[in-house]
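There are 2 protein chains.
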Amino acid sequence: MDETSENRQAAHAYVDTAERRDWEAFAALLAEDVVYEMPQTRERIRGKQLFLRFNMEYPGDWHLKVRRIVADGRHAAAWLDTRVGDERQDACVWFEFSDDGLIRRVTDFWPEPYDPPAGREHLVERW
Amino acid sequence: MDETSENRQAAHAYVDTAERRDWEAFAALLAEDVVYEMPQTRERIRGKQLFLRFNMEYPGDWHLKVRRIVADGRHAAAWLDTRVGDERQDACVWFEFSDDGLIRRVTDFWPEPYDPPAGREHLVERW
Numbered sequence: 001m002d003e004t005s006e007n008r009q010a011a012h013a014y015v016d017t018a019e020r021r022d023w024e025a026f027a028a029l030l031a032e033d034v035v036y037e038m039p040q041t042r043e044r045i046r047g048k049q050l051f052l053r054f055n056m057e058y059p060g061d062w063h064l065k066v067r068r069i070v071a072d073g074r075h076a077a078a079w080l081d082t083r084v085g086d087e088r089q090d091a092c093v094w095f096e097f098s099d100d101g102l103i104r105r106v107t108d109f110w111p112e113p114y115d116p117p118a119g120r121e122h123l124v125e126r127w
Numbered sequence: 001m002d003e004t005s006e007n008r009q010a011a012h013a014y015v016d017t018a019e020r021r022d023w024e025a026f027a028a029l030l031a032e033d034v035v036y037e038m039p040q041t042r043e044r045i046r047g048k049q050l051f052l053r054f055n056m057e058y059p060g061d062w063h064l065k066v067r068r069i070v071a072d073g074r075h076a077a078a079w080l081d082t083r084v085g086d087e088r089q090d091a092c093v094w095f096e097f098s099d100d101g102l103i104r105r106v107t108d109f110w111p112e113p114y115d116p117p118a119g120r121e122h123l124v125e126r127w
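Note that the protein sequences, when read in sequence, are chains A and B. FYI, UniProt numbering numbers position 1 of the first sequence as 1, with every residue one higher than the one before it. FYI, UniProt numbering numbers position 78 of the second sequence as 78, with every residue one higher than the one before it.
No lab work stands behind these hints, which were simulated from the structure alone. A couple of the hints might just be wrong.
Unchecked claim - In the SDA-like style, the derived pairs of lysine to any residue whose C-alpha atoms are separated by at most 25 Å in a straight line are:
no.	chain 1	residue 1	chain 2	residue 2
1	B	K65	A	K65
2	A	K65	B	R120
3	B	K48	A	H122
4	A	K65	B	P116
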């Protein structure tokens, strides 16, 4: 398998193992010095142990489903359909891989619903 | 050039031509029946002409810069650093290409800053 295929598979495994709460398999995908960032809150977590705890302690009965994963050499991006109870939200996750195919950087975006600005009603339909 | 390389280049060109307001070159990247969606506002725009107008009419002195582009066969994703005046915001853009390398679907996410929830201060640093 080439680098892109391996990293595409690792991005899928990241989502699948988190969804299954298989923390051993999840941890095996991560570099020791993985850095996790959430630019919207300007929060950063350093290192596999803290990042594992963050995921294990994340509150609520959350669920993750892949909408799309795109991999390209040492980078990948995932568009997720996430749910906590009846609340659903899209998420965008950016991955960076090390030479040996471990995840060394994860950047998460959690875009929330908002009201469309006025002035473009002549161009758009709503769903 | 293979399909992934061509589509990676087209995703870059999408950002660059929009930034330069080169609407002719921008339009040349788009399929006639391109569909543009903003899931956060549940807005949809159908067709090249309306989507062009949406971009040409978009208010403010906006600027786009690529932070990362990931291409994979007929799909790509872009992480953008956008600015309107002094306001900056990240954006995540998902692309779908047609057989002939034209953009047939664009899905935009505009994640806004928010305050971090309490309870994870022991795991994170702020920046």
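Hints versus structure:
For the hint pairing B/K65 with A/K65, the CA-to-CA distance comes to about 29 Å; that exceeds 25 Å, so the pair is violated. Restraint check for A/K65 and B/R120: the C-alpha separation of about 24 Å stays at or below 25 Å, so the hint holds. A hinted pair counts as satisfied when its Cα atoms are at most 25 Å apart, and B/K48 with A/H122 qualifies at roughly 15 Å. Note on A/K65 and B/P116: the hinted pairing holds, with a Cα-Cα distance of about 23 Å set against a maximum of 25 Å.
When each numbered hint is compared with the structure, a violation occurs for hint 1 only.
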